[in-house]
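Q: What follows is each chain in one-letter form.
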Amino acid sequence: MSSPDVMPTPSAGSARHRVTFATSRTLAYLSVLELGKVWERTLRRGRVPLKYSQGFNPRPRMHFAAPLPVGCGCGADLLDLSLDEPRTSQALSDAIAGVLPQNLIVLDVTAVDIHAKSLSELLQEAEYSVWLQQVGEAELAETVAAFLEKDEILMPKRGRKYRGRFYDLRTLVKSLTLDPATPSPWLGLRMRVTARPGATGRPDELLRALGLADRPRRTTRTRLILESEEAAAMATGGED
Amino acid sequence: MSADTTHPISEIGAIQGSGSLPATGPVAWERIEALLHRVIKPGRYVGGEYNSVQKAWDATDLHICLAFPDLYDLGMSNFALMILYDVLNRQPDLLAHRTYLPAPDMIAAMREAGLPLYALESYQPVSTFDILAISTAYEQLYTNSLELMDLAGIPLRSANRDVTAPLVIGGGHATFNPEPIADFFDVFVIGEAEDVILELVGTFQRTRQTSRDEQLRALAQIPGLYVPQFYTPAYAVGGGVLDLTVADPSLPTTIEKRLMPTLPATPVAQLVPNISTVHNRAIIEIHRGCTRGCRFCQAGAITRPIRERPVDEIVASAEAVVQQTGYEELALLSLSSADYTGIDTLIRGLIDQFEGRHVSISLPSLRIDSFSVELAEMLSGGRHSGFTFAPEAGSDAMRRRINKDISTEALLSVAEEVFMRGWRTIKLYFMIGLPAETDEDMEAIIDLSQEVRRIGNRIGGRKTEVHVSVSTFVPKPDTVFQWEPLVDEETVERRQQILKQGIRGRGLKLSWNAYPVTKLEALLTRGDRRLGALVERAWRLGARFDAWDEWCDPDAWSQAIAELPSEELRAAFPSAQALLDHQLYRRRQPDERLPWDHLQTGVEKRFLVRDYRRSLSGELLTDCREECHACGILQHYRDLQTEEWRCPVLT
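Chains as they are written, first to last, in the working numbering: chain C, 280 to 519; chain R, 1042 to 1692.
Think of the hints as simulated: they come from the structure by calculation, not from any bench.
It should be emphasised that the depicted structure is a prediction, and the values quoted were computed from it without experimental measurement.
Careful, some of the hints might be misleading.
[Stated by the list, open to error] For lysine-lysine, the following DSSO-like pairs were computed, each having C-alpha atoms within a straight-line distance of at most 27 Å: (1) 1550(R) - 1468(R); (2) 453(C) - 436(C); (3) 1550(R) - 1504(R); (4) 440(C) - 1082(R); (5) 453(C) - 396(C); (6) 436(C) - 1082(R).
[Claimed, not checked] Facing chain R, from chain C, some residues (calculated, C-beta under 7 Å): (7) 309; (8) 313; (9) 317; (10) 320; (11) 323; (12) 324; (13) 331; (14) 350; (15) 380; (16) 495; (17) 496.
Think of the CB as a built atom: it goes at the ideal place given N, C-alpha and C, for glycine as much as any other residue.
Use the sequences and the hints to build the structure in full.
A: Right, dumping it as structure tokens:
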């Protein structure tokens, strides 16, 4: 439970911050580890006193809400940073403004209570936009309708240790619609999927289920939906 | 030539299409993007590295594409290209961009979609650049160079290119014998390129309105530039190079390598890849050259003299390079780190400097001695993963023959120290097929490996390991052993078998090179210009990525060799075996004209012959910082000598 003496104050700043950022194009093709390195190097260039874990192999205290799949950009992803010394959000934002790589945009930096729940605990759902080529509008509409009609869509689990086991993709997809606002020559899909441990809907899996895995695409995670902060506080309070 | 209609790549933060672009401009992002879901590691093909150059294409009238003809992952770690990128882009009136050879999956996708090879900064097709500079650092890049030119839509042979094609230049260690690829390149840079590349660019600019032939004649006048088409070898019947005809009396008959009197400034705004590559680190070259005089080592022979960067310059660059890249690791590059004067003071200083900033320092190429172990300990930060020794040979006698001055006794005592300090694994690098080697030398390698293993077991227990890596010796041009034959396949397989029998059991691992890979390297490093037809034929049969186990195609090479794919080859050699015997398996005579004799390292042949004789009698040659052995460098380059040189003062 958070107490008043560790709450961030505007003058002293905070030792934990939540960054909202967007990536596209050249930065959409990284693994989550590689995107982590991009951030770590950016922060070192900005002389931000990032906190590291102890031990022989110190790791920076940086946590994404959820890994971005390779080939996926983002419109408003979240990253929590822990610092060795408190900084104001403005100071942190200024420090990295001039040292960001191409196609990484910082949308917001907000101080967070150091005892607040982690992003991965708060994350509930994610929204994706997938733009496709080499597919007809009618074909896409039909495929989507057929998908939504089904009660269950079993997909093989990823990874060797799960070989032969399946999960139900359909229950992970909260909504799936065509996006009429997509610019030509693309056709767009919008999807909202669950994003909790053990229940993560992935856009590439959805494309596979739709039979569209081989089509050229541009994928963007447009939004992350967190458990609301009040709910989080109440839940924590309730446990106490 | 110039590309007249161009659009700089727009920085796209939000999601938006950029529409279609004229055919003469860059490859549209959408066309690249449309392939990326089909390939492994698509981040190789998109650019966007931090510190990549942002000059506008239209604002500069000379465009140079620097190419490393292998995967991005390797090419991004090549420091020579990083230096040239820096040197060239400092010039306001030109720009240098980069390209690499895509992996086979992307090559196939690009060919299918009709996409030409493009540069990563601008997506400009490589064929629209004025100059294409390809790294010819080692022989396994030769077929890849052809693949790269072909994917760019550039005619492969110099003779088939005019001013509408980029000027294709090569440079790197392998250019000390570039003859097997001489037909495909317009110009080779012999030696260090930092200065001469700017002279090349200047002359190129001045001669742009002339024909390619006139342009090449002008370039051939520049010291250190080799234009192979003006040098025509003649061959003895059934034999080697007899003579070299120079096209124009104004051209030099030999080309002497270029060298930098002082080391060039460290590039501090080094490119930072977004994806993980082979080495993810900032680099400072602390010295260039090597004074150890190992008789098999080509790098040591061709990079003389030794030049050391001053300590204060390294310290200042270290701060700047970490600040400008954000890298978590800084590597101090050289051929023999522990030989840098005051290396321990330097390392202590750098550790203090980066205290608390989570930047580690790394030091490749350590020697086998206590001092090196201490250095490694300082840098380990408490982690002890693997420690590498390169004794190269098993016995004291063989090590004396190759001038690797370390005794078995000393090596074992250093191994003991390494295990005492907590390292769990020692890697041992050996070569087989060395001159005058016998099967007994294998026993020496086995005994040494087993002894190190026993020491590990005694000190660190059963968790310790010894990894033995055995490569096959290739006699390289410009080394003391350049006249030696390549060891034959039967002998290598027998000796590898002996090693496999002797180096096994708990805590011992053995790895070795497949003979076809060795044979190919030897053929391409020792061959003459007649092999150009062979390189092209092998490539047409599918050979590329010759250094990659999963992609190389030894059968394509075997077939190309069997075909003797040119009139010239068929006239010279009655059979494929005759060709191999001539190029690989005979001992060459000291007075024989070698295919690379006209390209000079500054180390004189008579020094190499003298040292070869010392090798035969097992005589060591001391480190040449202590006494000059008159290799020829000081005689040839005396005028360039500066305080950075570590050659002894001659009286």
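Q: Which numbered hints turn out to be false for this structure?
A: none
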